[in-house]
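Asks: Protein sequences, first through last, are from chains A and B.
Per our numbering: the first sequence = residues 2 to 472.
Per our numbering: the second sequence = residues 1141 to 1451.
Some hints could be false.
[To be verified] DEER-style ranges, computed between Cβ atoms:
{"hint": "1", "chain 1": "A", "residue 1": "Ile266", "chain 2": "B", "residue 2": "Trp1264", "range": "36 to 42 Å"}
{"hint": "2", "chain 1": "A", "residue 1": "Met25", "chain 2": "B", "residue 2": "Ser1299", "range": "48 to 54 Å"}
{"hint": "3", "chain 1": "A", "residue 1": "Asn460", "chain 2": "B", "residue 2": "Lys1257", "range": "54 to 60 Å"}
{"hint": "4", "chain 1": "B", "residue 1": "His1244", "chain 2": "A", "residue 2": "Gln388", "range": "49 to 55 Å"}
{"hint": "5", "chain 1": "A", "residue 1": "Trp465", "chain 2": "B", "residue 2": "Lys1345", "range": "44 to 50 Å"}
{"hint": "6", "chain 1": "A", "residue 1": "Ser21", "chain 2": "B", "residue 2": "His1244", "range": "37 to 43 Å"}
{"hint": "7", "chain 1": "A", "residue 1": "Asp368", "chain 2": "B", "residue 2": "Ile1429", "range": "47 to 53 Å"}
{"hint": "8", "chain 1": "A", "residue 1": "Pro335", "chain 2": "B", "residue 2": "Lys1204", "range": "38 to 44 Å"}
{"hint": "9", "chain 1": "B", "residue 1": "Trp1264", "chain 2": "A", "residue 2": "Pro335", "range": "53 to 59 Å"}
[Said to hold, decoys possible] In silico DSSO-like cross-links for lysine-lysine, where the CA-CA straight-line distance does not exceed 30 Å:
{"hint": "10", "chain 1": "B", "residue 1": "Lys1290", "chain 2": "A", "residue 2": "Lys19"}
{"hint": "11", "chain 1": "B", "residue 1": "Lys1225", "chain 2": "B", "residue 2": "Lys1204"}
{"hint": "12", "chain 1": "B", "residue 1": "Lys1228", "chain 2": "B", "residue 2": "Lys1204"}
{"hint": "13", "chain 1": "B", "residue 1": "Lys1355", "chain 2": "A", "residue 2": "Lys4"}
{"hint": "14", "chain 1": "A", "residue 1": "Lys242", "chain 2": "B", "residue 2": "Lys1226"}
{"hint": "15", "chain 1": "B", "residue 1": "Lys1290", "chain 2": "B", "residue 2": "Lys1358"}
{"hint": "16", "chain 1": "B", "residue 1": "Lys1252", "chain 2": "A", "residue 2": "Lys19"}
{"hint": "17", "chain 1": "B", "residue 1": "Lys1267", "chain 2": "B", "residue 2": "Lys1160"}
{"hint": "18", "chain 1": "B", "residue 1": "Lys1266", "chain 2": "A", "residue 2": "Lys446"}
{"hint": "19", "chain 1": "B", "residue 1": "Lys1253", "chain 2": "A", "residue 2": "Lys18"}
{"hint": "20", "chain 1": "A", "residue 1": "Lys18", "chain 2": "B", "residue 2": "Lys1290"}
{"hint": "21", "chain 1": "B", "residue 1": "Lys1345", "chain 2": "B", "residue 2": "Lys1358"}
{"hint": "22", "chain 1": "A", "residue 1": "Lys446", "chain 2": "B", "residue 2": "Lys1257"}
{"hint": "23", "chain 1": "B", "residue 1": "Lys1225", "chain 2": "B", "residue 2": "Lys1273"}
{"hint": "24", "chain 1": "A", "residue 1": "Lys4", "chain 2": "B", "residue 2": "Lys1358"}
{"hint": "25", "chain 1": "B", "residue 1": "Lys1345", "chain 2": "A", "residue 2": "Lys20"}
{"hint": "26", "chain 1": "B", "residue 1": "Lys1226", "chain 2": "B", "residue 2": "Lys1204"}
{"hint": "27", "chain 1": "A", "residue 1": "Lys20", "chain 2": "B", "residue 2": "Lys1290"}
{"hint": "28", "chain 1": "A", "residue 1": "Lys20", "chain 2": "B", "residue 2": "Lys1160"}
{"hint": "29", "chain 1": "B", "residue 1": "Lys1226", "chain 2": "A", "residue 2": "Lys19"}
These are calculated hints, taken from the structure and not from any lab test.
Built from N, CA and C at the ideal position, the CB exists for glycine as well.
Single-letter residue listing:
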Amino acid sequence: MNKIFLIIQREYLTKVKKKSFIIMTILGPILMASLFILPVYLATRQDDKQLVNVLDETGLFFSKFENSGNYTFIPVTSSLQEAKTTLSEKGDYMLLHIPATQLNIPDNAIIYSDKQPTLNLKGYISGVMSKELEKHKLAAEIRNEILRNTPGYKAGGDTTAVDLMSETILKNIRTEVEITTYKTGEGGEEQKSFTELTMVVGYVGSIMIYMFIFLFGAQVMRGVIEEKTSRIIEVIVSSVKPFQLMMGKIIGVALVGLTQFLLWIAFTFIIITAVQTAFPEQFKKTQTQEAGISGKSVALPNETAPAAPNSITADTGNDDLNEIFEAFSSINLPVMIMAFLFYFLFGYLLYGALFAAIGAAVDNETDTQQFMLPITVPLIFSLVVAQTVIQNPESPLAFWLSMIPFTSPVIMMVRIPFGVPTWEIALSAGILVIGFLGTTWLAAKIYRTGILMYGKKSNYRELWKWIRYKG
Amino acid sequence: MILQANSVTKNFGDFTALNKVSIHVPENSIFGLLGPNGAGKTTLIRIINQITGPDEGEVIFDGKRLNPNHISMIGYLPEERGLYKKMKVGEQALYLAQLKGLSHHDARQRLKKWFEKFEIQEWWDKKVEELSKGMQQKIQFVVTVVHEPKLLIFDEPFSGFDPINVNLLRDEILELRKNGSTIIFSTHNMASVEELCDNIALINKSVKILDGPVKEIKRKYFTNSYHVQYQDFNSTPYQIHEPGFEILESSIEDGVCSVTFRLPASKGPNDLLAAMIPHVSVIAFNELIPSMNDIFISTVNAVNANHILES
């Protein structure tokens, strides 16, 4: 155990001290930060004027929507069915349906569109609606509150009591507007679709797992080849078991990967926060100019701000990044990060062992091509299928691919932001762990023989023979 | 007996790398493991190093069946050797020494001592790739012996060294033996075998065909042959006729005859001289001792010839 620790330590330290690691650690967050910022930027770009049909059954909200450079809001008075037909006939941008409910003021709206409505527009709609709702609720709350407290209430009295009261009021009226988007298909069928953000998160997660597996798997492979070509391997295996060396290398590189990932997360947040605090106005300004809709946000009034009722009418005008973060929090970030770490780690471990076996089977990197195929095919396949899975995260294809250990790390990452039953995650995770043990067992056998073989062109038949050799 | 391999067999698929090979390595001696390329020497060495295990048979180290605790008691310098090119010399030596079970502190102290002995302290912070091949070999030697193993295995230790370093290395090996280590020595260099080894085993085509102390083997291959140079009185060469004296080779150059005789077992060098002196003037006389090289070649060839005959 002590020896495996030494190997892990060496792998880790030499890799972390490398220039390429430092460069990647710096470049990664810049890329990721732009991944956050770019969609916002792109989503706010909209060239032609769009017509938004509004079917407001409550009659409360329509008047509050203001036409802007890009969006024109048109009232619709017909039934929902008719409105939908008109929408597809006229080819308008989208239909916003705010259903009336009997008891409360509605806090949800439905968008029908054959396109994906921009984040900005959705932010604007929910911003207007929540502001309106908050007004109504506030009015009701204040009425209740004052009625309840009339005996003890004195104007100009103890201010802390008023502050306290205002805070309670604010808490009670805090409203989040839920907007569901339905995509109207070609045949007029409604297909439930999710926000771009869920997709982006899922897809980014799966791409990152794909990248990490390749990146760090290839590092393991190159490490093994290095040990073979520098002929140090025989010196080392006379001190430690080949399995210890292989696992030490794989774990060491995994720790490098985790370090890099955590540094990326930390730096990304630092960069985003820095950008946010450095240019809050500029950000807002450019977007306002281009989109014509000010970046009004679903975010609620700042909690630390004085909780005077006025603060609600004064739009806080948070920028769109906040909107993104807000939306992120609706995805259940902890689960996401845990899942990411798990699928990254075990996906990497599963493939890492195979990469090590390939490294052991060849004499130099150019010979790896023929053996790389079985590794690259399932990975690339899962990345390609991921795009289908995003559209339909609960299809049987998605289910089965998230069970097969060779595709599950990538596919499951796509599905998790959409919500996956716990038993499915548990089963998929269990199969992945078993798959990891299986490939490691197999790879160790190839590795053990391969590292001491020189000058022999190996092929699959050869590998099969190595697997069957006795220790 | 520090090491004993009993009837060790190892197969790789259909190929038999070792077939019931037994060797006995006495403590505090230098043991030569000889054999042509592909004979199975490296496989046997790998089994002793526990890199692979035998299919049949067993290896006894210091009275106990070979087990992972023995790894730190064995030092191995493989024929295919090398170091991490990008790593610093000192860092790397420390790493390898610790893999052999030394503590960080001990490893550093002992390495410092060795580096001083070889006068290579200034290499400590250099990267391996900055050193010449011979320098790298020195480092490699140091990391092989730094944990003071009871048994050292050198596979072709002299390849890659210049003559000065070969001498240095030979002296180190002799000193290691003096200090109580046992050395197994695998080589094709027969001169060094004769010079250094106390015992040998010769492996050919996965079978051991010869083993024992070098002196005994030489005695066994003693052919009772002599090489004589002489001048003839009556300039008629090759006229020595004694029953049983066989002339193996003869030549004449500038009036000096060179003849190689093989004598029957009952006769000795004195008989040969007694027979010659009345007729010729002897210039030089020496016994033909078979070199390890000759023994190696003749034994291997004889076995291979038998194989061909059998098949």
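Asks: Need the list of violated hint numbers for this structure, in ascending order.
Replies: 2, 3, 5, 6, 8, 9, 10, 11, 12, 13, 17, 18, 20, 22, 24, 25, 26, 27, 28
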